[in-house]
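Given these sequences and hints, build the entire structure.
Following my numbering, the numbering of the sequence shown begins with 405 at its first residue and continues without gaps.
Heads up, some of the hints might be wrong.
[To be verified] The following label-pair restraints were derived from C-beta to C-beta distances:
1. Leu442 <-> Val463: 22 to 32 Å
2. Asp427 <-> Leu447: 23 to 33 Å
3. Ala467 <-> Lys425: 55 to 65 Å
4. Glu421 <-> Leu442: 53 to 63 Å
5. Asp427 <-> Ser465: 50 to 60 Å
Because the hints were derived from the structure by calculation, they are not lab data.
All residues carry an ideal CB built from backbone N, CA and C; glycine is no exception.
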Amino acid sequence: MRPQSFFSNKFDLEIVEGYSKADAEARQNEGKDWLSRLMELNLLLLIVLVGVPVLVYCVLSSAL
Numbered sequence: 405m406r407p408q409s410f411f412s413n414k415f416d417l418e419i420v421e422g423y424s425k426a427d428a429e430a431r432q433n434e435g436k437d438w439l440s441r442l443m444e445l446n447l448l449l450l451i452v453l454v455g456v457p458v459l460v461y462c463v464l465s466s467a468l
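What follows is the structure in structure tokens.
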């Protein structure tokens, strides 16, 4: 890390990462496992089955 100028509080952080082709392919395959897909599906179901009805209830109860 180095500051932009001598009296500056802003710092530039340079991150350089080198990956080989095998590392890149391994990282792509990591995110596509069944557990991450299940968690994404559970989040969607939670929003649809809990969030939307609660929002509708709040809107309707405040309108009456």
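Consistency of the hints with the structure:
no.: 1; hint: Leu442 <-> Val463: 22 to 32 Å; verdict: 31 Å, holds
no.: 2; hint: Asp427 <-> Leu447: 23 to 33 Å; verdict: 28 Å, holds
no.: 3; hint: Ala467 <-> Lys425: 55 to 65 Å; verdict: 58 Å, holds
no.: 4; hint: Glu421 <-> Leu442: 53 to 63 Å; verdict: 29 Å, violated
no.: 5; hint: Asp427 <-> Ser465: 50 to 60 Å; verdict: 53 Å, holds
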